[in-house]
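Engineer: The primary structure of each chain is shown beneath.
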Amino acid sequence: GAVVSQHPSWVICKSGTSVKIECRSLDFQATTMFWYRQFPKQSLMLMATSNEGSKATYEQGVEKDKFLINHASLTLSTLTVTSAHPEDSSFYICSARVPGQGDTIYFGEGSWLTVV
Amino acid sequence: EDKVVQSPLSLVVHEGDTVTLNCSYEVTNFRSLLWYKQEKKAPTFLFMLTSSGIEKKSGRLSSILDKKELFSILNITATQTGDSAIYLCAVEAGQAGTALIFGKGTTLSVSS
Numbered sequence: 001g002a003v004v005s006q007h008p009s010w011v012i013c014k015s016g017t018s019v020k021i022e023c024r025s026l027d028f029q030a031t032t033m034f035w036y037r038q039f040p041k042q043s044l045m046l047m048a049t050s051n052e053g054s055k056a057t058y059e060q061g062v063e064k065d066k067f068l069i070n071h072a073s074l075t076l077s078t079l080t081v082t083s084a085h086p087e088d089s090s091f092y093i094c095s096a097r098v099p100g101q102g103d104t105i106y107f108g109e110g111s112w113l114t115v116v
Numbered sequence: 001e002d003k004v005v006q007s008p009l010s011l012v013v014h015e016g017d018t019v020t021l022n023c024s025y026e027v028t029n030f031r032s033l034l035w036y037k038q039e040k041k042a043p044t045f046l047f048m049l050t051s052s053g054i055e056k057k058s059g060r061l062s063s064i065l066d067k068k069e070l071f072s073i074l075n076i077t078a079t080q081t082g083d084s085a086i087y088l089c090a091v092e093a094g095q096a097g098t099a100l101i102f103g104k105g106t107t108l109s110v111s112s
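From first to last, the protein sequence lines stand for chains A and B.
One point on numbering: in my numbering, the residue at position 105 of the first sequence is 105, and numbering is uninterrupted.
One point on numbering: in my numbering, the residue at position 20 of the second sequence is 20, and numbering is uninterrupted.
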């Protein structure tokens with residue numbers, strides 16, 4: 001079964017609004033989670049590393065004020081796309097390292113965001 | 001700059017064919033190499049490789065790592081239409097706990 005759960009799977013929002021995506025670790029504690037985005041027919045691009053109890057570490061070129069990441073607990077990280085624009089439409093995926101399983105990194109189911 | 005290069009970028013084969021997907025990398029402080037299969041949603045884990053020369057196998061899929069030559073291959077034998085997907089290679093490098101570095105993926109299409 002899934003070890004990392006992401007919600008929602010699909011979301012459509014209007015330009016200018018904000019959207020929150022949740023990433024939960026199931027049955028394990030994740031001090032670090034990773035957020036990626038993926039455009040059609042392209043690979044995953046790391047956006048930021050989410051650290052429990054501290055600020056996220058953003059990759060170069062990713063606007064931290066636009067993509068707000070909160071990792072308030074050991075099982076939940078959230079990504080909020082603020083003032084969304086159509087160019088933010090993408091597939092957003094979170095991942096976490098699962099301890100005790102060779103430290104393999106597992107992905108959430110992903111969230112399709114469409115901004116209209 | 002760390003990088004992961006996959007080849008070919010796309011591949012079309014017939015059912016029953018055997019395919020080999022390639023992944024080469026240049027990273028600092030290599031830790032592991034992972035293969036994922038991505039269909040319509042998030043990637044699903046296939047293999048994690050840390051040691052050279054040890055083949056990992058799961059059904060018709062197998063993979064091996066060469067840390068001297070800095071590459072890995074993913075083999076799929078007797079391909080089926082359900083194998084059609086994007087295969088992603090990712091490398092974990094640097095300090096423990098850092099994010100994966102992904103290649104651009106190989107899009108495999110298996111026709112019946």
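Please note that a few of the clues may not be correct.
Footprint (simulated), chain B over chain A, 3 or more residues, beta carbon under 8 Å [claimed, not checked]:
id, region
1, 42-56
2, 66-73
Here are some, though not all, of the chain B residues that point toward chain A, as calculated from beta-carbon distances under 10 Å [what the hints assert, rightly or not]:
id, residue
3, 30
4, 32
5, 38
6, 41
7, 42
8, 43
9, 82
10, 107
Calculated from the structure, these hints are not laboratory results.
Source: prediction; values computed, not measured.
Cβ coordinates follow ideal geometry from the N, Cα and C atoms, glycine included.
Engineer: Any hints this thing doesn't respect? Which numbers, in order?
Structural biologist: When the structure is compared with the hints, numbers 2, 3, 9 turn out to be violated.
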